[in-house]
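Novice: Take a look at the letters that make up each chain.
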Amino acid sequence: MFYREAGQFKTSYEADQSILPIFQDRIAMYIMLMFAFIVFPFIANDYWLGSILIPFLVLSLAALGLNVLTGYAGQISLGSAAFMAVGAFAAFNLHVRIPEIPFLVVFLWGGLCSAAVGMIFGLPSLRIKGFYLAVATLAAQFFIEWLFTHFDWFTNYSTSGVITAPPMHIFGFAIDNPLSKYFVVLTIVVLCAFGIRNLARSEIGRAWMAVRDMDIAAEAIGINLMKTKLLAFGVSSFLCGLAGALWAYAVLGTVEPQAFDIIRSFEILFMIIIGGLGSVSGAFLGAGFIVLLPILLNNLGSLVTGGAISTETIAHIEYMIFGAFIVFFLIVEPNGLARLWQIGKEKLRLWPFPY
Amino acid sequence: MIYRILVTLISYIMLIGITVSFAAEHFVPVTSYRTGPYGISGAPAANGYVDYLKMINARDGGVGGVKLDWEECETAYKPDRFVECYERLKNKGVAGATVFQPLGTGLTYSVIDRVADDKIPLITMGYGRTDASDGSIFPWVFPLLVNYWSLSTAKIKYIGNLAGGMDKLKGLKIANVYHDSAYGKETGPVLEKQAELYGFDLKGFPVAHPGLDQKATWLNVRRYKPDYVILRGWGVMNQTALKEAARARIPAENIVGVSWSCSELDTVPAGKAAVGYTCSSMYNPGSHYKVFKDILKYVHEAGNGTGPIEEVGNQQLYKTGVLMGIMTVEAINKATEKYGNKPMSGEQVRWGIENLDLTSERLEKMGIKDFIPNVKISCADHEGGAPVKFQRWNGTSFEPASDWVTTDQNIVRPMIEASSSAYAAEKGITPRCN
Chain E
4 MFYREAGQFK TSYEADQSIL PIFQDRIAMY IMLMFAFIVF PFIANDYWLG
54 SILIPFLVLS LAALGLNVLT GYAGQISLGS AAFMAVGAFA AFNLHVRIPE
104 IPFLVVFLWG GLCSAAVGMI FGLPSLRIKG FYLAVATLAA QFFIEWLFTH
154 FDWFTNYSTS GVITAPPMHI FGFAIDNPLS KYFVVLTIVV LCAFGIRNLA
204 RSEIGRAWMA VRDMDIAAEA IGINLMKTKL LAFGVSSFLC GLAGALWAYA
254 VLGTVEPQAF DIIRSFEILF MIIIGGLGSV SGAFLGAGFI VLLPILLNNL
304 GSLVTGGAIS TETIAHIEYM IFGAFIVFFL IVEPNGLARL WQIGKEKLRL
354 WPFPY
Chain W
6 MIYRILVTLI SYIMLIGITV SFAAEHFVPV TSYRTGPYGI SGAPAANGYV
56 DYLKMINARD GGVGGVKLDW EECETAYKPD RFVECYERLK NKGVAGATVF
106 QPLGTGLTYS VIDRVADDKI PLITMGYGRT DASDGSIFPW VFPLLVNYWS
156 LSTAKIKYIG NLAGGMDKLK GLKIANVYHD SAYGKETGPV LEKQAELYGF
206 DLKGFPVAHP GLDQKATWLN VRRYKPDYVI LRGWGVMNQT ALKEAARARI
256 PAENIVGVSW SCSELDTVPA GKAAVGYTCS SMYNPGSHYK VFKDILKYVH
306 EAGNGTGPIE EVGNQQLYKT GVLMGIMTVE AINKATEKYG NKPMSGEQVR
356 WGIENLDLTS ERLEKMGIKD FIPNVKISCA DHEGGAPVKF QRWNGTSFEP
406 ASDWVTTDQN IVRPMIEASS SAYAAEKGIT PRCN
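Chains E and W, in that order, are what the protein sequence lines are.
Quick note on numbering: the first sequence equals residues 4 to 358 in the working numbering.
Quick note on numbering: the second sequence equals residues 6 to 439 in the working numbering.
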């Protein structure tokens, strides 16, 4: 009843090509953005901003990157955390060696270095597919972790191997409290999300989806496989590198390879599997599920029982509930939470009628 | 109707949750890791910490008449979860959190820049950021008792004693088998400096995380034919190292481990291979001290024990947890001497730690005489220069292998000051304490 597009006529080509053609969708997006930019900073305290929202946003950026590679282009990658590490270390090294460069350029540089490394490790994708490609990207994960642990040049010869990220300054503002970090991260993530949404419905995006569906047929109709696959790796690693730089600067405050280990890679992969492969909202939904649900369970556990049950038991129950949720969602909707959301919207178009 | 009942019920539960945490008590956040890869090490430490706090409440009625309140938060040894726990707990309690003890170097680094803004001190006894021993640059971080570099000098002194004198070190071969991480590599520079100073040959053998596969490493160590081996591991690497060393026919008597390779969790699984293995400890071995008797009496016999009763006084990491509790309580106690008998805030406890002076009388009063050495912290010295004990595993328990071995601050302090002044120059910090 509310969600029908009856009566919405487009009078220009630009209007027809907008990302959110349905008026109600646009309103919903405006409300969400207004909530994120204006309402949240007022009602949320440091704990919410710094420990819940910022990690959620940064990991959804990484999930977006992996969704480009695995969801749109169909290349399975288990090295996303390694590309995050490359982004973090590249950003750190540039900033430490040339401190005058503005921070946005530093983050961009982190993304570009990560894109270059991603394209190098994406070269095997031209020959192998599926599980075998996953193993090749796993090599990237282990190699890059080893590289940053062993060569002191990357950590600027620090004595302990764990470097504290220098404070950020953007356009003269010091970004040192959770609120300013939240705004920086939110802006970057929103821009990237819209960028990828646009990219996915452009020629490149369609080439990616063709390669995902059947790469031989894609080659037959004239899509250059090498360019398409390497571009997928490049764009995906760019986003992962950007996410890694943000993780080091805005979330942890330290740059260390252990924060980008294989567990993180798996976490990002699970985010897009649960959230939904091949959709921008899937990255956010999956990140929300994997990042926010454990914290919610943990907090609920200690709040409701008030210390009667040990934290160990609560942590174990949290794992069990989390696992049960994953199994439940994958049975109910194997295509992920984004598909559930899409079905919800479709039903909303018919509401209150059943068909 | 049901909706209304539900809402009232939920609001009552939340009200209870809120009121419980705001009683007039000192709030001690206990950020433990009982799950995850290091859960077996973290659980006894957390048990020791909480047991000691419970004992102080039961035996002494708290600190200065004000009881202690604590809350555990599970970090699973992950920096991002530790940061989340830190942010969640830092403002709890009437005056905020008193002090955080991360019990992990990576965890320490993730909050080391926040604690100055949040005004909560960090105690990192025996681990953490070594150059934070320079209190003039790091006012909020306290690597109490001993840091990684001081421990290394004590170890070389002990090896020198075994060899018959520091001059006998010349020409000896020492292998350093370390965990291939920031923690493991931390002692590289100070060992090289001592190798230069005393004339022994040093070779490093990194072991990839988690350290389950060490056959190749120990064959290489065998080929090097060292006179002594330093073991710097953590977690499952330690027991594997001892077993592989036995297989490579390197006698356990020649292996000297760091404090974090020194618990029953490392020696018992290694079985016969660990007999004769020596390692360092921040406190004396044994379970006969009054503090453990008090814990058994006031906590476990009252049915209030946190963990299994067998751990009390018998498990090395449990004793480390008790030591964490001792440091927290002593810091709060010192703070109450200046600020009065009310719930202490982080800033006040920081003053307490910085002016900590554990004399023999105080140790005797608290039941920890002979358990830990005398410690005196000052503005510039956040370590306290405490000596280290070495203990040997005899198959069933640890027994003392040496007297208190002092650390060599002539080597360590200049290196710390060089590193901390570089950090101060980078961040634009002016040194305090003059």
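Please keep in mind that the hints were generated in silico from the structure rather than gathered at the bench.
Be aware that one or more of the hints could be misleading.
So the derived label-pair ranges between C-beta atoms look like this [unchecked claim]:
id: 1; chain 1: E; residue 1: N159; chain 2: W; residue 2: W409; range: 56 to 64 angstroms
id: 2; chain 1: W; residue 1: I314; chain 2: E; residue 2: D179; range: 45 to 53 angstroms
id: 3; chain 1: E; residue 1: F328; chain 2: W; residue 2: K374; range: 25 to 33 angstroms
id: 4; chain 1: W; residue 1: E404; chain 2: E; residue 2: F269; range: 20 to 28 angstroms
Just a sample of chain W residues kept apart from chain E, beta carbon distances all over 12 angstroms, derived [claimed, not checked]:
id: 5; residue: V88
id: 6; residue: L94
id: 7; residue: S115
id: 8; residue: V116
id: 9; residue: I117
id: 10; residue: D122
id: 11; residue: N166
id: 12; residue: D172
id: 13; residue: D185
id: 14; residue: L224
id: 15; residue: G390
id: 16; residue: S424
id: 17; residue: E431
Fair warning: this is a prediction, and the values are worked out from it, not measured in the lab.
Just so it is clear, CB atoms sit at the ideal spot from N, CA and C, and this is done for glycine as well.
Novice: W/I117 clear of chain E by more than 12 angstroms, beta carbon to beta carbon?
Specialist: violated, 7 angstroms
Novice: Was W/D122 rightly flagged as not at the interface, with every chain E Cβ beyond 12 angstroms?
Specialist: violated, 8 angstroms
Novice: Beyond 12 angstroms from every chain E Cβ: check whether that's true for W/D172.
Specialist: Nearest chain E Cβ is 29 angstroms from W/D172, so the label holds.
Novice: So is W/L224 really clear of chain E, every C-beta pair being over 12 angstroms apart?
Specialist: holds, 21 angstroms
Novice: Using Cβ atoms and 12 angstroms as the threshold, tell me whether W/V116 really stays out of contact range of chain E.
Specialist: violated, 8 angstroms
Novice: Grab the minimum beta-carbon distance between W/D185 and chain E and tell me whether it stays above 12 angstroms.
Specialist: Not fine: 6 angstroms to the nearest Cβ puts W/D185 too close to chain E.
Novice: Please verify that the nearest CB of chain E lies beyond 12 angstroms from W/N166's CB.
Specialist: holds, 28 angstroms
Novice: Evaluate the given range 45 to 53 angstroms for the C-beta pair formed by W/I314 and E/D179.
Specialist: holds, 47 angstroms
Novice: Would you assess whether W/G390, listed as outside the interface, keeps its beta-carbon beyond 12 angstroms of every beta-carbon in chain E?
Specialist: With a cut-off of 12 angstroms, W/G390 remains clear of chain E, as the shortest Cβ separation is near 20 angstroms.
Novice: Taking the minimum C-beta separation from W/S424 to chain E, is that value above 12 angstroms?
Specialist: Contrary to the label, W/S424 does not stay out of reach of chain E, its closest Cβ about 6 angstroms off (not over 12 angstroms).
Novice: Would the non-interface assignment of W/E431 survive a Cβ cutoff of 12 angstroms against chain E?
Specialist: With a cut-off of 12 angstroms, W/E431 comes too close to chain E, as the shortest Cβ separation is near 8 angstroms.
Novice: Could you check that no beta carbon of chain E comes within 12 angstroms of the beta carbon of W/V88?
Specialist: violated, 6 angstroms
Violation of the numbered hints given earlier is confined to hints 1, 3, 4, 5, 6, 7, 8, 9, 10, 13, 16, 17; the remaining hints are satisfied by the structure.
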